[in-house]
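**Q** Sequence:
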Amino acid sequence: MNLSTLIGMVASVLLMAVILLFASDNPWNFIDAPSIAIVLGGTLAATFLSYPLREVLRVFHLVGQVMREDRLDTKNDIEELVALSRLWIQGDLQAVEKSLALVTNPFLRTGVQLVIDRTPEEEIIDLLQWRIAHLRQREAAEAQLFRVMASYAPAFGMLGTLLGLINLMDLVGDGNMAAIGSQLAIALVTTFYGVLLANLVFKPIAVKLERRTEQRLVLMNMVLEGISMMCVGRSPALMRETLKAFVAQFDDEIFDGQPQTARR
1 MNLSTLIGMV ASVLLMAVIL LFASDNPWNF IDAPSIAIVL GGTLAATFLS
51 YPLREVLRVF HLVGQVMRED RLDTKNDIEE LVALSRLWIQ GDLQAVEKSL
101 ALVTNPFLRT GVQLVIDRTP EEEIIDLLQW RIAHLRQREA AEAQLFRVMA
151 SYAPAFGMLG TLLGLINLMD LVGDGNMAAI GSQLAIALVT TFYGVLLANL
201 VFKPIAVKLE RRTEQRLVLM NMVLEGISMM CVGRSPALMR ETLKAFVAQF
251 DDEIFDGQPQ TARR
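Everything in the sequence shown is counted per my numbering, starting at 1 for the first residue and increasing by one.
FYI, nobody ran anything at the bench for these hints, they're computed from the structure.
Virtual Cβ for every residue (Gly too), placed ideally from N, Cα, C.
Please note that the accuracy of each hint is not assured.
[To be verified] Derived BS3-like pairs (lysine-lysine); straight-line CA-CA distance at most 27 Å:
#1 K98 to K75
#2 K98 to K244
#3 K244 to K75
[What the hints assert, rightly or not] DEER-style ranges, computed between Cβ atoms:
#4 N76 to L159: 48 to 54 Å
#5 V201 to P34: 18 to 24 Å
#6 T242 to E123: 21 to 27 Å
#7 A155 to V18: 25 to 31 Å
#8 L238 to V201: 43 to 49 Å
Turn these sequences into a full structure, and let the hints guide you.
**A** This is the structure in structure tokens:
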């Protein structure tokens, strides 16, 4: 499991425990099935109305991606590119094809295959850039789905609050303060659920997916640079140092120059 996701989940559970156990005389006041149904049901209904079914069903797959540790092995990709480039410069096409079959990065494999097929460099770059743009658009749309859900949840929380206040008005004339207080608590807890879901579930998942996309785009652009160098016959040593500098420069811009031990 992704360590930061695990830490976030544990921190969320601890926060809820503090709220339920220490911020209220009766923790059961925060448990209300109709309020949960209004917020979750309304958010899901609005999401199904907003997106095609196949995109909404991907929510569960995307949550699994957030949970999973997704390591990008940039060092291995650099070494594979350098090794393939060296074989290509030596003119050993059979060895290149044999090594290419062992490459696990499909983006890298496609680029090298186009090079050994003698595809013009401009066409290779155009195709790889199109694939990068396609991935960026697709994954941005996936993250946007969770941002949309984060905007719906508080709105349906307010809807539940309004329904609770309407019920409250029926009790005002009776003068039963206990019943009035109970209805008011139920009305407010619906907003609580909406805010909680938006800021502890949907928005963090969206940010996590966006960050994952940024890292994947770095790797793809690095591979694109390596393929371009392979097309023009740059030396493997120059390619290795260029790609290392490419990744290091991006890390400095994204991570403020701090060492990143998690990235390879």
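**Q** So, for every hint listed, does it hold in this structure?
**A** Right, here's what the structure says about each hint:
1. K98 to K75: 21 Å, holds
2. K98 to K244: 25 Å, holds
3. K244 to K75: The given pair, whose Cα atoms are some 8 Å apart, holds under the 27 Å limit.
4. N76 to L159: 48 to 54 Å: 51 Å, holds
5. V201 to P34: 18 to 24 Å: 20 Å, holds
6. T242 to E123: 21 to 27 Å: 22 Å, holds
7. A155 to V18: 25 to 31 Å: Taking Cβ atoms as reference, A155 and V18 lie about 27 Å apart, which means the hint holds.
8. L238 to V201: 43 to 49 Å: About 47 Å separates the Cβ atoms of L238 and V201, which means 43 to 49 Å holds.
When the structure is compared with the earlier hints, no violation turns up for any of them.
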